[in-house]
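Student: Sequence:
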Amino acid sequence: DAVRVVRESGLPHRTDAMFTSVEGDWDEVMDVVRRAVAAVEERAPRVSLVLKADIRPGVTDGLTSKVETIERHLAQ
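For the sequence shown, the numbering used here begins at 119 and goes up steadily by one.
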């Protein structure tokens, strides 16, 4: 349910084996986090949340660009 909220948010995101990453303006992302937690609360008696923020003004498309940088370095 939480991942569905993230996917429907329209914000850039990526889900992998361990985490769902969301990229965007602080208020937009925190609203998605709040709504994702609320969605889980509707179905479960307990919600566990791990939140890590990488705040870098002026940086966009970090989800893709970081991976591209790693791939570029590995190709050398």
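Do not rely on the hints blindly, as some may be mistaken.
[Unchecked claim] Only pairs whose alpha carbons sit at most 20 Å apart, straight line, appear in this in silico EDC-like list of lysine to aspartate or glutamate:
| hint | residue 1 | residue 2 |
| --- | --- | --- |
| 1 | Lys-170 | Asp-143 |
| 2 | Lys-184 | Glu-141 |
| 3 | Lys-184 | Asp-143 |
[Unchecked claim] Restraint ranges, calculated between C-beta atoms of paired labels, are given here:
| hint | residue 1 | residue 2 | range |
| --- | --- | --- | --- |
| 4 | Asp-145 | Ala-193 | 25 to 31 Å |
| 5 | Gln-194 | Trp-144 | 32 to 38 Å |
| 6 | Gln-194 | Ser-166 | 37 to 43 Å |
| 7 | Leu-129 | Arg-190 | 22 to 28 Å |
| 8 | Ala-193 | Arg-153 | 36 to 42 Å |
| 9 | Trp-144 | Val-185 | 33 to 39 Å |
| 10 | Asp-149 | Leu-181 | 34 to 40 Å |
| 11 | Ile-188 | Gly-128 | 25 to 31 Å |
| 12 | Asp-149 | Arg-190 | 29 to 35 Å |
| 13 | Val-168 | Arg-122 | 17 to 23 Å |
| 14 | Met-148 | Arg-190 | 27 to 33 Å |
For the record, the hints were derived by calculation from the structure and aren't laboratory data. If you're wondering where the values come from, they're calculated on a predicted model, not measured in any experiment. Ideal Cβ positions, reconstructed from N, Cα and C, are used throughout, including at glycine.
Student: Would the pair Lys-184 and Glu-141 pass a check requiring their Cα atoms to be no farther apart than 20 Å?
Tutor: Roughly 13 Å separates the two Cα atoms, so the pair holds.
Student: Is the distance from the Cβ of Gln-194 to the Cβ of Trp-144 consistent with 32 to 38 Å?
Tutor: The hint (32 to 38 Å, Cβ to Cβ) holds, given that Gln-194 and Trp-144 are roughly 35 Å apart.
Student: How does the Cβ-Cβ distance of Gln-194 and Ser-166 compare with 37 to 43 Å: does it lie in that range?
Tutor: Holds - the Cβ-Cβ distance for Gln-194 and Ser-166, about 40 Å, lies within 37 to 43 Å.
Student: Is the gap between the beta carbons of Met-148 and Arg-190 within 27 to 33 Å?
Tutor: 32 Å, holds
Student: Take a quick look at whether Lys-184 and Asp-143 sit within 20 Å of each other, Cα to Cα.
Tutor: Distance ~18 Å between Lys-184 and Asp-143 Cα, so the pair holds.
Student: Regarding Asp-149 and Leu-181, is the given constraint of 34 to 40 Å on their beta-carbon distance met?
Tutor: 18 Å, violated
Student: Within 20 Å, alpha carbon to alpha carbon, are Lys-170 and Asp-143?
Tutor: Roughly 14 Å separates the two Cα atoms, so the pair holds.
Student: Tell me if the beta carbons of Asp-149 and Arg-190 are separated by a distance inside 29 to 35 Å.
Tutor: 34 Å, holds
Student: Between Ile-188 and Gly-128, is the Cβ distance one that fits in 25 to 31 Å?
Tutor: 26 Å Cβ-Cβ, so the 25 to 31 Å window holds.
Student: Just to be sure I understand the hint, the distance between the Cβ atoms of Leu-129 and Arg-190 should be within 22 to 28 Å; is that true here?
Tutor: Given range 22 to 28 Å: holds, Cβ gap about 25 Å.
Student: Is it true that Val-168 and Arg-122 lie within 17 to 23 Å of each other by Cβ?
Tutor: 19 Å, holds
Student: Go ahead and decide if the range 33 to 39 Å is satisfied by the Cβ distance of Trp-144 to Val-185.
Tutor: For Trp-144 and Val-185 the Cβ distance comes to about 23 Å; the hint is violated.
Comparing the model with each earlier hint shows violations of hints 4, 9, 10; every other hint is respected.
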